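*Asks:* Start from chain A and add chain B according to the hints.
There are 2 protein chains.
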Amino acid sequence: MEHRIRLHTPEGTRVLTARTGDNLYQVLAAARVGMEAPCGGKGTCGKCRVTLVPAGEAGAEEAALLGEEALARGERLSCRVTVNRDLEVTLKTAASARIMTAGRDAFTARCPYRWEQVTLPLPSLEDPLDDESRLRRACPQLEIPYPLLKELPAVLRQAEGTLSLLRRENRLLELAPGKVSRPLYGVAVDIGTTTLVAYLMDLQTGATCQVASALNPQRPRGDDVITRMDYARQSGEALAEMQALVCGGIGELLERLCAAQGIASREILSMTVAGNTVMSHLFAGIDPQHIATVPFAPAFTRRLTLRGSDLGLAIHPQGEVELLPHVASYVGADIVCSVMASGMDQQDALCLMVDIGTNGEMVLGNRETLVACSTAAGPALEGAHIRCGLGGVEGAISHVTREGDALRLTTIGDAPPRGLCGSGLVDAIAVLLEAGAVSPAGRMDPDEGPEAWEDRWIFEGRSAALRLTGAEADPPIVLCQRDIREVQLAKGAIAAGIEVMLGQMGRSVEDIAQVYLAGGFGSFMDKRNACAIGLLPPQLQDRITVIGNGAGSGARMALLDSAERERADALARRISFIELSACPDFQDLFMEKMAFGEEE
Amino acid sequence: MEHRIRLHTPEGTRVLTARTGDNLYQVLAAARVGMEAPCGGKGTCGKCRVTLVPAGEAGAEEAALLGEEALARGERLSCRVTVNRDLEVTLKTAASARIMTAGRDAFTARCPYRWEQVTLPLPSLEDPLDDESRLRRACPQLEIPYPLLKELPAVLRQAEGTLSLLRRENRLLELAPGKVSRPLYGVAVDIGTTTLVAYLMDLQTGATCQVASALNPQRPRGDDVITRMDYARQSGEALAEMQALVCGGIGELLERLCAAQGIASREILSMTVAGNTVMSHLFAGIDPQHIATVPFAPAFTRRLTLRGSDLGLAIHPQGEVELLPHVASYVGADIVCSVMASGMDQQDALCLMVDIGTNGEMVLGNRETLVACSTAAGPALEGAHIRCGLGGVEGAISHVTREGDALRLTTIGDAPPRGLCGSGLVDAIAVLLEAGAVSPAGRMDPDEGPEAWEDRWIFEGRSAALRLTGAEADPPIVLCQRDIREVQLAKGAIAAGIEVMLGQMGRSVEDIAQVYLAGGFGSFMDKRNACAIGLLPPQLQDRITVIGNGAGSGARMALLDSAERERADALARRISFIELSACPDFQDLFMEKMAFGEEE
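Chains as they are written, first to last, in numbering that gives the first Met the number 0: chain A, 0 to 599; chain B, 0 to 599.
In isolation and in its complexed conformation, chain A is listed as follows (with noise of 0.2 Å):
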């Protein structure tokens, strides 16, 4: 049986329909409404609350999960919801993310793509070579793939002597009687957990002429990788829901990208994929599965060459899609793209680039060496597994500092407060740290914290939690204990992870001459606190440069120039890998480095 669901969000009111026995979250995910589930849709994250009409009875979890006043109100979780009527949906968040698409703009390119006219008699009784010799006449060389072979005829005779041809050294790319000449265009993307960025560039001039982004449209499937697998291993469906998905996604934003450039999208010849391990996975519907247990072996490494036909891209029908290199399972092609991005490659002084995603990579080296690292310290700074954790989306406090005894909040997009996204998070525990309010310990401590602050206090058993708006605000905003906790488990572990690369190398912090930043977050943060609450050694404060989205700009240096997919590639194989869980001081490192400082 059919049902109508009125959904209500802050864009404005849809129907839709689904049938008995349907999983509201999965309607609303099918629909796109852009809820965050880190837990994928399990009822552990609280994340997928809705306002429902009728309410309908709550599970255990969910009142568990809710809290009575919530459930009172008709808030429920969707993933616990069965269809079984006409329902009204109220969503609060919607899904306007800001999404990290700088880099550089401009490129070198070296375009192996060109424009040729020739001159062809046709066929007489003197000279009645075949339509495909004739061409090859012409041009020596030339390899005419069969769908063009199936034009020729046509098109020779059109032509009546004067064709242009595009080709890719010696092979032909397209066919068109007269004086033909078209702007040469390629798309690279960048592929995250979270979001994805896809950048139209001119394959000639090097100019990005068109940026688009969008939320990874996998994320109804879970918010992180492992979750994601989780998913895709239970069948070859699931693996291919999430292929369509990614490539459904890829697929929207070249339809944007073409439209802003008002060209066809078979125009794009080539594409370059930047993704982490599990995602070109994903992407490839190559199953990851391997990826989530110990050896964490990766089906594939290498750069992967595909049509777009493959991937159901509708790109020019001979446009090869190159799903650069990865490392190993826990270090991606976004990592190596970020280390090309940055150069870091190429100098002599030794670098450290820190990408803190969704996951947080690091890598350490220079010219000579290069060693990397992967740790699980992302999702905390994403806003996830945080009481009131929200991405990079709009009404998000996104800088918190303190003035006085007042807090000064800043909103993405200066909206209502409606959550915290990594960079205000990392600013409260500076500014709680600094006022007192939480120990070096990371123990939150009403008591030393200013006394005007008194009524932000909550109490919850034993431990306290922190109201960061205002007293008028329904609900509040509150960062708590277990949210400091969170974010020493994943400062804890970059820290740690830098310790043993350092180690590794036989180097000490100070020998660190630049350390590069890249990814959203990385790029919002305030550098100050972040090296105030450790996530970074506070020796380094003045030597970090930004470089925005490294695995964007990555991706457009190896769409742009061969030589740099070659340079990829040995990356690839260069960088060594670092398996942090099997480092013997790795657990003694992180220990150390969950403090704030050292207790007086």
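Just to be clear, a hint being listed does not mean it is correct.
[What the hints assert, rightly or not] Which chain B residues face chain A? A few, computed with CB under 8 Å, are given here:
hint	residue
1	Arg301
2	Ala313
3	Leu432
4	Glu433
5	Glu578
No lab work stands behind these hints: they were computed from the structure.
Remember, predicted model here, so these are calculated numbers, not experimental data.
Cβ coordinates follow ideal geometry from the N, Cα and C atoms, glycine included.
*Replies:* For chain B alone, coordinates are given in the frame of chain A:
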């Protein structure tokens, strides 16, 4: 509106449905009734004759072609009938054709495919290499195509150490856990204008495992290449239809071969296809229309390598289909293959190869030089344009001998005589010539023939026809003056072609050491009679060797050995094509060679 068509054929009764306005001939063709219609449904050949109830009005064209009596019996040309009522349709002919499939049966094979076993340790924390690199470490240089990369993670883990690979040089074709080894198969196809023949070959031993043949399903669109090109040029859909017809026919042959051998069609690893230039264009879906008009330029002549999936053939997913190369528009891969099968290109002595199929093609030469030409000689010798002509199907008179004053007829399948096929036609003319009933100039002369034949003569205005069947046969099968003229045109063209080629090489008939006869007609024809009527030079009667289906043999040689494919490529370039219509001598020689001998 829908109508029921009850169809009675020698095989039984079927019910078809048609819509108001459908053409009856097309309905029958779509139902694969296998009717002969050399004109392609234009109402001019009279071969699509059926008996209709209710018969309805006949048009002037039908009346002229069929005659009063036949009309009265309810006979109509199905191509002139528009369905607007339920019908009873009776068809006298059936489509069980005698197709030449014989040739050589075992060939030298050099198989590029092989099964290989490898032992691969599973990944471990000490050796966490990705699956693909792990396989390539064991098999350096191995190219792993994308679809197999998708299978790799699962197969590797099922394999528990031992893995079997099917490879063609460095290219991986199949992956299987454990120890696997299977015979390796390929298929060679001869696409004739009239018939399709397919051979299932063991690629390792070179043995012919199975043979299957069928009529070319394009025949309802015309019996000769010109009519088919005419049809295909109408629109992209018509071209696609012609491609689908022949690919569908070949697909059915593949199914039959595989069923007979008990294998799956995806076990077919490669295919070679020999066809004339037009058939090859239509098979590839490449517009052949410019072959039909001066200067007769084809779209391509070189060997074309396609995928099974390009053609809708369900062979091995990586299986390649090699369309063997052509010399020119009217000397195709079938002739290149017949040259290979004859071995004339490797002999010192001067050899002549003659293939009389739907066209008549000839090659003259030896290891030094090879020239070729083509004449529109064939159709008459395949029964087209002959009043009682019939292809090599059951009931066709295949041989005629004179015993005293009686005529002894041999039919295919010993069935009651239904018409005259090429070999019977040659015999009949030789018998009449010998009996004096046809003059050396080709005129039927009742006065000079045996007196006992008096009641066999039928007078038709100024010319005569001879009844071949006994007085009881109804309708009688006759040989008429126009039939003899048709054969004279064919044999004149062939003889003149041979003279032109000899002239170009500065040689004479006596220099020819060997004559190779390729094709079905050449195999069934009585050599003595062929020489008696001057279809072949009488001096060469004892130097004639029948090679059977040379196209099929050459296609098998090319399938089994890449050196033979290269030989085909070299031959396609080496054989020089003579366009007879552009030869000044040809017309005179043609006129001269039409007579059966010198008038006494």
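*Asks:* Does B/Leu432 hold up as a contact with chain A if the rule is Cβ-Cβ below 8 Å?
*Replies:* violated, 38 Å
*Asks:* Does B/Ala313 pass the interface hint, meaning its C-beta sits closer than 8 Å to a C-beta of chain A?
*Replies:* violated, 19 Å
*Asks:* Does B/Glu433 pass the interface check with chain A, least Cβ-Cβ distance below 8 Å?
*Replies:* violated, 42 Å
*Asks:* Taking 8 Å as the limit, does the beta-carbon of B/Glu578 come near enough to a beta-carbon in chain A?
*Replies:* holds, 7 Å
*Asks:* Quick check on the hint: B/Arg301 CB to chain A CB, less than 8 Å?
*Replies:* Cβ of B/Arg301 sits 7 Å from chain A, so the hint holds.
Comparing the model with each earlier hint shows violations of hints 2, 3, 4; every other hint is respected.
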